[in-house]
Amino acid sequence: MRYKTIMLILFLLCIPYESHAEEQNVTIIYSSKSNDVPPEVYMLDALVSHFSDNVDILRDTEVSPDSLEETTHLFYFGVNPATIPESTRDQINQSESPVYGVGYNVNQLEAFDELNLMTRQGVSKFHQARTDQSLTFDLADTILSVDGSSSVVHADSIHQGERHPVIVQTDRHFYSGIYNLLNRSSLFVADSLFDFFQVNPVGEHVGYLRLEDINPSTDPKLLEEVGNYLLDRNVPILLAVITVYVEPESNQHVHYIDRPQLLDVIRRLEDRGATVLSHGYTHQYRSSETGEGFEFWDVENNQPVLVPSNETPPLLKKRDVFSNEQDYDEYIETQLEGETSYIQSKLTNSIHELVSLDLEPLGFEAPHYTMSHSGYSLTSKYFSNIFGQVQFSNTNWEVMGAPPYIAKPSLLGGMTLYPETIGYIRTDLPRPVDEMRRARDELMIVRDSMIGGFYHPYLGTEHISDLIDMMESTPGFRWLDLREQTEWVRTEEVSITATNGAITMQDERSRVMSQLSLYAPTSFLERALLVLALITFIAVLTFLLYTFYLRGQRKKRLFKERG
Amino acid sequence: MANLLFLFSLVMIWTMLLYHMFLMQGGFWHYMTFRDPIPEWSKKMTDLPKVSVLIPAHNEAVVVAATLRAMSRINYPHDKLEVILINDNSSDRTGEIAQTFADKFSFIHVVQTTPDYAGKGKSSALNYGLTQSTGDVLVVYDADNTPEKDSVYHLVMGLVNDTGAGAVVGKFRVTNAYETLLTRFINIETICFQWMAQAGRWKWFNIATIPGTNFAIRRSIIEELGGWDEAALAEDTELTIRVYELGWHIRFFPAAITWEQEPQTLKVWWKQRTRWARGNQYVVLKFMRQLFSLKRKKIVFDIIYFFFTYFLFFFGVILSNSLFVINLFVDIGLEVGNITLILWVLAFLLFVTEVFVTLSIERSEFNIPNFFTVILMYFTYSQLWIILVIYSLYLEIKRVLFNQEVRWYKTDRFE
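So the protein lines, in turn, are chains A and B. The opening position of the first sequence corresponds to residue 468 in my numbering, with each subsequent residue numbered one higher. The opening position of the second sequence corresponds to residue 6 in my numbering, with each subsequent residue numbered one higher.
Each statement offered as a hint is correct.
The calculated lysine to any residue pairs, modelled on SDA-like cross-linking and capped at a C-alpha distance of 25 Å, are:
#, chain 1, residue 1, chain 2, residue 2
1, A, Lys1023, B, Gly31
2, A, Lys500, A, Val866
3, A, Lys848, A, Thr801
4, A, Lys1023, B, Ile373
5, A, Lys1022, B, Val357
6, A, Lys592, A, Asp908
7, A, Lys1023, B, Phe376
8, A, Lys1023, B, Trp34
9, B, Lys403, B, Ile391
10, A, Lys1022, B, Trp34
11, A, Lys1023, B, Lys154
Sample of chain A residues with no beta-carbon within 10 Å of chain B, all distances over it, derived:
#, residue
12, Gln491
13, Thr603
14, Leu689
15, Leu690
16, Glu759
17, Thr862
It is worth saying that the hints were derived from the structure and are not from the lab. These figures come from a predicted structure and were not determined experimentally. C-beta atoms are modelled at their ideal positions from N, C-alpha and C, and glycine is treated no differently.
Modelling step: build the complete structure from the supplied sequences, incorporating the hints.
Pasting the structure below:
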C-alpha cells in the first residue's frame, strides 16, 4: 500500500507544470524576401513552443496540399509585404483551424480581409486589455494598427494620445500588428497566445538566478560568500561553470585541479543545493580571455567556428555566390564539419572534466548566448536544456532573443529553454536592481512568464539581498529547482539524469583514466615536461633493473674476476 | 619574465640530466662489453714495447714506500720495464726511501730533477722524467698510487691492439674510501665519474679524459707535442684536447686498475677541487673561443659539455634555486604545475639510481651504509659543488679583472 502511495505521488510529480489542453499541431506559414527562415519567425516558433511540441515552419512557397492536414492551429506571418501564392492562400482559407495572423499581407486571407491595417512608426507605448496595464518601452517600434471593428481587442498601441488596437480577435482568429517579434513589445503577443490556444495558465512565475562565469580564476572567497548567502535564503542557485581558464597573454590553461580551494567551494555549494551548468569549456576562442571571448561563434568573422583555435578559418561564402541551392548546401555542409568536431570536443571535454571533478552538471548555457543553428542541434545531443537567450540568426550573432516563458523552440533541437528575461546586475548603472525590477514588471503582463536573471559572484554580496527581495516579491513566485525537473546531460560515456530531485550518474569511463585526465597537460610546455618525466621514469626503472641484475651476478663475477 | 627564467633553468638542468642518463646507459653497456676482446687481444701481446713508468714525487715520504712496493710487483717483463721515480725538490725522506727500492729492484730508478725542471710542478717533473726515460710507451702514476699488478699490462694491451689510440686510460679506485664521511662521498663520486663520464663517453663517442694518473701514452705523441704543458693548470684536460687534435683518440680500458688516496679533510679537498674547477673553467673558456677552428668535432662537443657543466647548468641551478626561494616570499607569478614537483622527485631518483648502477658495477660498493650515503650525498656533498663553482669563478674573475690575461699565464708559471 505504502509503495502504491509513493508511486502515485511520484507519478503526480511527473506531470509537467504546464497544461496543454490537448495535442496541438501548429503550422507557421511565413512570407519573406529572405531564403533563410527570418529570425522573427524563429521567435514566433519559440513563443508557440510553450504551447505545442509540434510546430512546423513553412515558407509560403513550400505549402503543399497536404501540409495543413494535421494542423490544429495555424499561424500566418507576413514578415515583408508580398503576395501570398494563390494555392497557399486557398489552403489557409480552407483550413478549419483558427488562424493567428502576424504582420503584413493578412488582408489577402479570408479570416482577416475586413481588417484595416495602418503602419505606425515610433510607437513605444502599449496597453493590455486583460490586465488594463500600459507599458512604455525604451525603443520605439513600427507596428500595424488595426482600425475598424473587431470583436475583441487584446492590446492597443498608444500613439500621440490615441489608442489603436494592435492585437485583435475575430471569432477564433487572432491578428497581431506587432511583428518585430525580437522587440520587447512581443510580450503582448506572447500573452495573447494563452487565449489563442485557450490554455489555462498555471498561474505562477518561476524564477532562477545564475551565478555567472565561474571559472578557475574566480575568487573562491567571493563565490563562497555569495553562494552561501543565497543558499541560506533557500535560493536553489545555478552555477554557470566554465571548465578551463585561458590566460590570454601566455595562453596558459588553468584547470580547477590547480585551484583546489575554489573547487572545494563549488563542491560545497553543490552539496548544499546549488546546481552546476556547463558554461562552455573555455568560454573563449583563439587568443581571447575566458569569460570575455566567444566560444561557439567566430565573432571576428561573424560566422560559426569552423576550425580549432590555432588555425585560420576560411571566410564562409554567401549564398548568392552559388548558382543553385544544392551547391550552397553542399558547400555549407563540408564547411561545418570542422564546427561539428570542434563543438563535440568542447562539450565532451567540459562534461567529462566537470564529472571527473565530482560535479554534476545538469544543463548548459552557451557563452554569450551565441551559437549557430547546427551548433544548437549538436548541443541537444548532450544537454536536455539550455539557459539564456537564443541566437535566432545563423549569420549574425547579435540577432538574439528569448520568449518570456519556458519553451522548446524547434531551433534548439528539443532542448528546453529556460529564458533569461530580467538581465543582470550592471555596476555601470546607479540602481541596477531597479533596472531588473523594471524588466520583471514588464514580464507581469505575460502569464506564467519566467523571471530569469544572473549575477556575477565577483561583485560580492552588495546587491544580492535587494535582488532576491525583488525577485521573491513577484506575485505567484517560485524558484526553479532544476533537480526537480526531468533533465539530463550526457556524452557517449557519461550520463547524468535528474528526476524528481534525485540525480543518477553513470560514468563508463575508467575511474583511473578519468582522474588521470584531470592532470593531463594541455599546453605544449606541460606536454613536453610530461614526456620528459616519462623518459626519466623509464630511465629510473631501467637503472634499478641494472642494479638488481648486477647484484644478482655478484657471486658469478667474483669467480670471473678471480679467474 | 619569471616564467621565462624558469624555463631557461629547466632546459639547462634537464639537458644535463638527460645527457647523463644517456652516458649512464653507455657506461653500463661498456662495463658489460669491455672484457669481451681481452682473449683476442692477449694473442697479440707477444712482441711487447718497452714501457717507462713515470712517478713524479714531491715530498711523498708518507706514501712512496707503498707506491714502490706496488710497482715492484708489476706484472710486465722486467727487461722491457723501467719505473722512474722523479724526486722533485723533496725536502723529506722521499728520495731516501725510494732509493732502497732502487737498490733492491733493477728496473726501479730514482732520478732527481735538475734545477731547470725542479719545483715547477707536476708537468715539469714529468718533462724531466721524459728526458731520463727510454720506453716507447710512457705510463704515468701519481706518487700515492698503488696499481694492481696487471694494470700496466692492460694499459699496454690497449695501445698495442688499438692502433688509433694515442693513450689508454685505466680506472682508479679509492684506498681510504671508508676513513671519513668525506672519503665515502669521494669514493662514490669517483666511481660515478669512471662509469658515467669516462665509460659513457667512450662507448658513445670514443672520448675519454686523461685523469692525471694510471694512463699510458705513446712516446711519439708526447714528443710531437713537446712534452707536458707546464703553463696549464689542469694539464690533463689540456693534454686530452691536444691528443685529439693530433688525430688520436684516448681509450678508456677499466681492466687497468690503480688505487689512490683521496683527501680526508674538507680543507684539502677544497684546495684540490678549486684548482680543478678553475683549471677546467680556464680550459673551457680558452677553447670556446677557438671552438670552430678545432679540427676534431668530437672534442668540440666535449668542450660544450664542459661549458654546460661549469656555466649553463650551474647558472640553471642557481637560477632555479633563486626563483624557488623568491617565490616563497613574493608571488612572482610563477605558473608551475604539479609536473615540476614530479620532475624534482624524478631528478632525485635519477641521481640515486644512476649512482646505484655504478656502485653495483664495483662489486662490494653497493652496500647498506653506501645506500644511505648516496641519499645524504644528494643533499650535502653534491650541493657543495655549487659553492665550489661560485668560489672558483670568483677567483677567476678576480684574476682577470686585476691582472691582464697574458700576465695570468706568467703568474701561474711562477706559482
